[in-house]
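Novice: With the hints as constraints, model all of the structure from the sequences given.
Residues per chain are reported as follows:
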Amino acid sequence: MWRYIVRRLMWVALVMFVVTFLTYIIFFVLPPFDPASAFAGKQPTPELIAEVKRQFGLNHPWFIQYLLFVKHLFLGDQYGWPGLGFSYATRQPIRDLLFHRLPITASLAIGAALVWLCIGIPIGVASAIKRRSLTDRLSMGFALFFVSAPVFWLGLMFLWLFWFKLHIASGTGYVPWTQSFGSWFNHLIMPWVVLALLFAAFYARMTRGNLIETMAQDYIRTARVKGLPEWKVIMKHGLRSSLTPVISMLGVDLGTLFGTAVVTETVFNLQGIGQWAITSVFAGDLPAVLAVTIVTALAVAIMNLVVDIVYAYLDPRVRYT
Amino acid sequence: MGKKRHLLSLVGLALTVTLVAAACGGNSKKSTTSSGTSAQKGGVYRTALEDFGFTDAFDPTGEYLGSAWDLFQTLGRTLINYKHTAGAAGNVLYPDLAQAMPTVSSDGLTYTFKLKPNIKFAPPINRVITSKDIEYSFERMNIQKLLAGYAFYYGPGVIKGFTGKATSAQPISGIETPDPNTIIFHLEAPVGDFLYRMSMPATAPIPREVASCFDNKPAGTYGRYVISSGPYMIQGSDKLDASSCSTLKPISGFDPSSKLVLVRNPNYDQSTDNLRANYVNGIDVRIDSNTDDIFNKISAGSLDGTFASTPPPTVQRTYTTDQSKKDLLKINSADRTWYMVMNMSVAPTDDIHVRKAINYVLDKAAMLQAWGGSTAGTVAEHIMPPVVIGGNLAAGQFNPYASPDNHGDVTKAQAEMKLSKYDSNHDGMCDASACTNTLMINRNYGPWKAEEASVVSQLAKIGIKAKAQELATSAAYQAIQTPKNKVPLGLNVGWGKDYGDAYTFAFPLFAGASIIAANNSNMALVGLTSSIAKSVSAPFPSTAPPSVDSDIATCEKIPATDAARNQCWANLDKKLMNDVVPWAPYLWSNVRDILSTSVTKYDFDQFAGQIAFTQVAVNNNLSPSAS
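From first to last, the protein sequence lines stand for chains A and B.
Each residue of the first sequence is one higher than the one before, starting from 0 at the first, in numbering that gives the first Met the number 0.
Each residue of the second sequence is one higher than the one before, starting from 0 at the first, in numbering that gives the first Met the number 0.
By construction, these hints were calculated from the structure, which means they are not laboratory data.
Since this is a predicted model, take the numbers as computed values, not measurements.
It cannot be assumed that every hint is accurate.
Claimed, not checked - To be clear about the criterion: a stretch of chain A counts as covered by chain B if any three or more of its residues have a C-beta under 8 Å from a C-beta of chain B, and this derived list gives those stretches:
#1 44 to 51
#2 90 to 98
#3 112 to 121
#4 163 to 175
Said to hold, decoys possible - Partial list, derived from the structure: chain B residues whose beta carbon lies under 7 Å from chain A:
#5 50
#6 63
#7 143
#8 144
#9 220
#10 251
#11 255
#12 288
#13 292
#14 518
Using N, Cα and C, we set each Cβ at its ideal position, and we do this for glycine too.
Specialist: Shown next as structure tokens:
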């Protein structure tokens, strides 16, 4: 197992190299415009633009810029480790901004994941057990609706209904849990639910399908014949093996959410890394774009590894060498 | 089965009733017009915007953004300033830190200012501001690596010894400080609008003991440590440890990602300032990435009004059609012109008749609709907004390309096209190959995209088949601002004043000396010579583009206090529209502010082009939130 983990980590390093290289090419080399111009004022002189380029490190050939970026990433820069440079827009160290925003995205992603698991799996189980019943039809109708409903629309509707009209929810924004746990929770409950409803729908359908298939296996019939109560047959024997693909999906979804919950973060004004990525792209703040890309790619790669390891523990038939 | 269907129907009915009740329930607060009661001191003006968008991280030395300048009116007093009010009155100069307008030598080369005594910096500096502090602000602008965006207003060629290329803060030979209350500027040549340049935020005093710690850091770093000389300060300034550079930490009230909170400067003396009323106890600016949320919060009363945020069309419609809300929508001139630029060095726009024909044919009324209708602005009749030229050439006084209801005049356009060398059979339609697939740069979103169809359709009526290339804002500007790209038409462009004098239009946009190889603001290439064309890799047409350099120089020499100066700029505008025709201006845009009913007094800062924080009053009785 350890050899497998080491091998996978080496692949993660290779993936990160390819991702950062391609991102560098896309944002620093290919664009038809000069990023320095956006920060040189309304009537920049050629000397001013040259000075901006020098300060931003854009005066070197692009491959030198990339090598310097990799060097600072591993060895750190004047702001510490990892060396991600400074934001063109705010002149703040990127690592400080990243560490400030990561907890917000993590709060959103992990909280939403817990909510969608709590909603999706029970609905999937109920639906699988009572196939073709009213429960099943309502559950799958719920799944269909929330799979189809765009997240931005759902978010705006929730805000309009629960905050603007009914005044029962906190508005947009984020309050750190260290400042006030209650306020932190109140501000996140709507974004959690909005984000979770989409994923819950997927997870309900997947759980239902897997459980139906598992409940038709011979060992389930054996468990019943042995006299086990039906709930034990479902929860201990049926659900356990049908959840393994769900765990895989959870890992990938959680990793991906770290950079792609941008719509939810924008609608609910959560200053996470997804929203940061979008504003940075529009503002031409390329170091920030690179930083978010690194974090997102790393999150997906690491979560995939974690999921594979958990898979091996859940399913004794899976062994890595 | 029947029972289940019945149950389902009841559930559906209950849900519907709940949603309808919620929708029709309305808010607990009714929208009423602003009470119009007299302004009271106190409260906090709470606002939000999508992104600060600062160009130099809020460092006053380099910051070149109107909304930042608006905030600097609360943080920085300059020698000369304005009354922070709307209209032409908002562009009139008054002494601020200076006791009176300066003494100017008869040759216009020496300006002597006397400072008001005992005006102090905010905490933690707490000392009296001296002439040395103002001198230092110029020394900072002179340092090349601090990226002072408008240092060119001060040199080279303006203040003696000011080059904009210094490597460190060092004395400037043209600035004298004989005593703590006197500062003297020696100019290389008379500059008629010098006093306007002395109102710019970068000239506000800066304490050397704090800012010098950042002269060797990336440009803009001082932006998180701005020490106020104005009526407000950044919340947390009093807790800043300025005993040494190493003890300095960013002021807590400013986080570029989330907020800027201003509170009263305890060292400010209202009796020394008749330009600012300073009603509110604080100004709370937050970042909110959801534009709809900002306006919902204003409507719900949890924000007091907008700041640098354009209302979406649905919100605008609400405030223009609902009688109870009309008073809460404030509309003021942005002193900005949106236009189509025409490159005079490439075909077919190198022919003045083509350029005139384009001016005639554009359906400016349709373009205004694309921008949101009458609240978005007024149809531009010439280049410079009337407020910028002291009210000269007001609407209706000079409209050389007028058309019925501003829908374009195809007949006149075709008559003009017939005179062009690109209409070989004189049928009013351009038939040269340059009129097929004529490249037109545009932005890929917003009103620019919305107006594109009308523009393409109208140009086709004079035989110009425009091929629009839609790009993101930065890319669009870079495409059109690089002369070697040879782009004939640009629809993505607009220009606003820097201060209330038309020099800030005339020189950067129409002077030959302004033409550069990249980020060129004279996109039409007015005044292009063969040597300039060679230096910027632009083609030089067979007929040299006209030059207005001598007109600009003539107007620039007239002192800004002389009404003849604005008349001179107005005459230049006429010459540009009649004899040069570099643009087809179509919109003088507005700034639209939406207020909550908590606002009891509102004014617009015409200099900065945003709400006047120093004149607004609210009745929310709030205190600034803890940082």
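Novice: If you take the shortest Cβ to Cβ gap from residue 144 of chain B to chain A, is it below 7 Å?
Specialist: At about 6 Å, which falls below the 7 Å cut-off, the nearest Cβ of chain A leaves the hint on residue 144 of chain B intact, so it holds.
Novice: Checking C-beta pairs, does the segment 112 to 121 of chain A have three or more residues closer than 8 Å to chain B?
Specialist: violated (count 0)
Novice: Would the stated hint for residue 255 of chain B survive a check requiring a Cβ distance to chain A of less than 7 Å?
Specialist: holds, 4 Å
Novice: Going by Cβ atoms only, is residue 50 of chain B closer than 7 Å to chain A?
Specialist: holds, 6 Å
Novice: Given residue 63 of chain B as an interface hint, is the shortest Cβ-Cβ distance to chain A below 7 Å?
Specialist: Cβ of residue 63 of chain B sits 4 Å from chain A, so the hint holds.
Novice: Tell me if residue 292 of chain B is really an interface residue toward chain A, meaning its C-beta lies closer than 7 Å to one of theirs.
Specialist: Status holds, d = 5 Å.
Novice: For the segment 44 to 51 of chain A, count the residues whose Cβ lies under 8 Å from any Cβ of chain B; is that count three or more?
Specialist: holds (count 7)
Novice: Given residue 251 of chain B as an interface hint, is its Cβ closer than 7 Å to any Cβ of chain A?
Specialist: violated, 13 Å
Novice: Does residue 143 of chain B meet its interface restraint, that is, does its C-beta lie within less than 7 Å of any C-beta in chain A?
Specialist: holds, 6 Å
Novice: Taking a Cβ-to-Cβ distance below 8 Å as contact, does the segment 90 to 98 of chain A have at least three residues touching chain B?
Specialist: holds (count 3)
Novice: Interface hint check: residue 220 of chain B, Cβ to nearest Cβ on chain A, cutoff 7 Å. Holds or violated?
Specialist: Result: holds, 5 Å to nearest chain A Cβ.
Novice: Quick check: do three or more residues in the segment 163 to 175 of chain A have a beta carbon closer than 8 Å to a beta carbon of chain B?
Specialist: With 7 residues in contact (Cβ-Cβ under 8 Å with chain B), the coverage given for the segment 163 to 175 of chain A holds.
When each numbered hint is compared with the structure, violations occur for hints 3, 10.
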